[in-house]
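J.: Here's the letter readout for the chains.
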Amino acid sequence: MSTQVHATLSEDQVEQISEDLDEPEWLLETRLEALAALEDLEMPEVIQTPGRKWTNLDALDYETLVDPLDYAQEKDRIDAEGVDVLSWSDALDEHGDLIEDHFGSVVDPQRDYLTALSTALFSAGTVVYVPEGVDAEDVKIRTTMNSQSLFNYTLVVAEESASVTILERQTTGDDVDGDRYYSGVVEAVTGENAYVQYGTLQNLSEESYNYQVKRGHADTYGTINWIEGNIGSRLTKSSVETRLLGDSSESQIVGAFFGHDDQHFDIAARVWHEAEHTVADLVTRGVLDDAARSVYEGVQDVGREAWDTSSYQRENTLMLSDESEADASPKLIINNHDTEASHSATVGQVDAEDMFYMTSRGVNPERAKNMLVEGFFVPVLEEVEVDELREDLDDLIYERLRQ
Amino acid sequence: MSSDQDHLKETDTEARFEFKKEEKSAFEAEKGLTEETVRVISEDKDEPEWMLQRRLRALKQFQEMPMPEGWPGAPDLSEVDIEDIVPYIRPDIETRGGAESWEDLPEEIQDTFDKLGIPEAEKNALSGVGAQYESEIVYQNMQERWEEKGVIFCDMDKAVQEHEDLVKEHFMTKCVPPSDNKFAALHGAVWSGGSFVYIPEDTTVEMPVQAYFRMNSEGMGQFEHTLIIAEDNSEVHYIEGCSAPKYSAFNLHSGGVEVFVGENAHVQYSTVQNWSKNTYNLNTKRAICEADGTMEWVSGSMGSKATMLYPSTVLKGPGATDNHITIAMAGEGQDIDTGAKVYHNAPETKSTIESKSIAKDGGRTNYRGLVHIADGAENSSTSVECDALMFDNESTSDTMPYMEIQESKVDVAHEATVGKIGDEDVFYLQSRGLDDDDAKQMIVAGFIEPITEELPIEYAVELNRLIELEMEGSLG
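Chain order of the listed sequences is W and H. Numbered per the numbering used here, the first sequence spans residues 1 to 403. Numbered per the numbering used here, the second sequence spans residues 1 to 476.
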């Protein structure tokens, strides 16, 4: 597999990208090491049950998808008072040390083949730096991909007692025909008593293959909340993860997806409780229509020293079509007995009684179903603090229902 | 070495016997399980040619298949050295007939029996040939009643001889093929002993059919095969294991259980097992359920060093039902990785899985389950409930369910909770005069009650006693 991509990749290309971004030597080295590691790295792990792999990443033809030096994109960065929302090269100028400290500290640059590929080739970086005590809302990063392949990298650093809500939107422009590859890595470092809500709305074209890793470290009393909205792409493999490293830290991972046609979403939400009195809540709701398929993995991992842990997980999938498939594996790994943990998962159709209730009040069945599907997403939408994300997600659901 | 090989080719029984006694070291030198070993087993049992061929094919599959590795959180099987399997079989063949007396059993096992209060007669029944005879008489009495109805209940080796057609059709063909997993293949190659149960159409066996474990009775009792065929409209409850800790000289058990549930038939399979704590329990159990049939698995897994066991049911006919009730308890050094697998392959099928586990003193329990709903299995429903209770911070409790849902008109629900033993509950009971241990035992008894109430009273009582013993920490 790796030789496929490698044939089209060279150190020169990586050096070129690094030079374009005016990067320091250490970062170029990191990129080159990641490039070299491609030889030995495996594809990201996917769930396997007897006789089948739930997502077949090996079927992707990276050689034709990846064009390292074309990274045409439109980037819209909207900052808030007191927050630095910087392009990669600006950030390197202004906060070089900060980046060197944190880059790769949360997401291992060589975590797997696709992450290393992203490390070697990323071009569309953004750094969000929230200094100590700053309270900021509505930071926005909108990326429009105008190239065949795009590797995006985002670093969020929220210092002690800082607070920020961030919306990241990923869309595709019309400039390219055929298959595309989008890869995004997000690292979030949350200091003591800091708060980060990071919301993503992925609405890439349905010719896009999409790989994303978002991972955060939460310090004492810190909170990281993730919102993961997936509407677009042909295939998405996305992992959203939090390590609760400080006492009394918290994380919420809220996911929503709506698949149709032959879309495939492989979505993971994972939390590691590694300190005392930590709290996690994982909520994912998805709808599948046509021949769409969802693969969900939720992991609540409670470490040996994680005393007084509370950890909850819910995953609900609605299936609107007989051709669709919903696979789920919500996992609990509990090493400390002083834990209150639960998870639940359901799969089913729109509730027959609800339908009966609605139609008996004169709503036609099609409309009743749409209303119930929209209503199904409400518990997820309610958690979204950025208005634009919530409204857009709601609109996209609405649109899809009426297609 | 070559002269040993010559010995192997001898067909004379006495010569083979001599070989076993004298050439033990030669066998130990063999790498892995060889064709010769399989031939010796088959010949010893005077099996028909087809069974030998099945064994040899299974052996070939065993040799080709990988170990169950790379599963997330899977128990450590590195000690299970396939290359060592033959030497482990060897001493058992030599002590065929079981331990001569109760005193020959390891102290831990004796101790357990004493504490369980199993009567003296029963103790003997489990320890020697004579005692085995005694338990045969019990069978015989019941068998007469059943025989009139056409029910067959005998040991598997005998079934191969006396009910060849039935066995030939069902033995490791459709239900548990040797290709299922490495240890099913191993089982297919070296299986020995076990029970054969046949219930004719429209027949109800009111009393549970019980199979008491025979300690080392048949040379390779740890590879016993159980085959149950319940024809249409029949009903049977099969209980294995009782509360007897099964003693094995080796540290690998790899049994096979196959259950055929006919249309509208009802089979309950109950197991209460307490393996010695050096045992790797890598068992394969599966049922195929025809239209409107019901399969019920009730199991309590107490012992073993590591268990990987996921009783599974294929709901093949419309309206078929499967219920799983399991309880697992892991103490110091134990890794009990168990759960349930259900394949909904027809419309209107239904399954429920209820799993309870208790982890203490550094033990690990894991629920690993697979629910598969095939495209076209309309109006199927499944509900999975897992509850884990943890005693201390050295223990681990995991839940790893997998759900593959390919049909939209379904109702799928999974729920799991993990919690520590409630301080408040303990305090409440203590304030009513119970000491700490008694309070905890009472809480555990309450926790597992949904399971024990499914068992016949004597087994429920024994399961409770086993748990009490575990909790006292009085067993190694």
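The hints are simulated quantities; they were obtained by calculation from the structure and are not laboratory data. Mixed in with the good hints there might be a few duds.
[Unchecked claim] Partial list, computed: chain W residues near chain H (C-beta under 7 Å):
{"#": "1", "residue": "E11"}
{"#": "2", "residue": "T49"}
{"#": "3", "residue": "K53"}
{"#": "4", "residue": "A345"}
{"#": "5", "residue": "T346"}
{"#": "6", "residue": "Q349"}
[Stated by the list, open to error] Within a straight-line C-alpha distance of at most 16 Å, the following computed EDC-like cross-link-like pairs (lysine to aspartate or glutamate) qualify:
{"#": "7", "chain 1": "H", "residue 1": "K409", "chain 2": "W", "residue 2": "E353"}
{"#": "8", "chain 1": "H", "residue 1": "K420", "chain 2": "W", "residue 2": "E353"}
{"#": "9", "chain 1": "W", "residue 1": "K369", "chain 2": "W", "residue 2": "E385"}
[Said to hold, decoys possible] Now the stretches of chain H that chain W is said to cover, found in silico as 3 or more residues with beta-carbon under 8 Å:
{"#": "10", "stretch": "146–160"}
{"#": "11", "stretch": "295–303"}
{"#": "12", "stretch": "381–393"}
Backbone N, C-alpha and C fix where the C-beta goes; we use that ideal spot for every residue, glycine too.
J.: Give a verdict on every hint.
T.: Evaluated hints:
1. The beta carbon of E11/W comes no nearer than 33 Å to any beta carbon in chain H, farther than 7 Å, and the hint placing it at the interface is violated.
2. Using the Cβ-Cβ criterion of 7 Å, the hint placing T49/W at the interface with chain H is satisfied: the shortest such distance is roughly 5 Å.
3. Contact between K53/W and chain H, as hinted, is not supported at the beta carbon level, the nearest pair being about 12 Å apart and thus beyond 7 Å.
4. Given hint, A345/W at the interface with chain H, holds; its Cβ is 4 Å from that chain's nearest Cβ, closer than 7 Å.
5. Look at T346/W: its Cβ gets to within about 5 Å of chain H, closer than 7 Å, so that hint holds up.
6. Given hint, Q349/W at the interface with chain H, holds; its Cβ is 6 Å from that chain's nearest Cβ, closer than 7 Å.
7. Proximity of K409/H to E353/W is assessed by CA-CA distance (about 14 Å); at most 16 Å being required, the pair is judged to hold.
8. Distance hint between K420/H and E353/W is unfulfilled; the C-alpha atoms sit about 38 Å from each other, more than 16 Å.
9. Straight-line distance between C-alpha atoms of K369/W and E385/W comes to about 27 Å, which puts the hinted pair past the 16 Å bound.
10. Requiring three or more residues with a Cβ within less than 8 Å of a Cβ of chain W, the coverage given for the stretch 146–160 of chain H is violated, as only 0 such residues are present.
11. Remark: the stretch 295–303 of chain H is not confirmed as covered by chain W, as 0 of its residues place a Cβ nearer than 8 Å to a Cβ of that chain, below the required three.
12. With 5 residues having a Cβ less than 8 Å from any Cβ of chain W, the stretch 381–393 of chain H passes the three-residue criterion, so the hint holds.
Hints 1, 3, 8, 9, 10 and 11, counting from the list given before, are not met by this structure.
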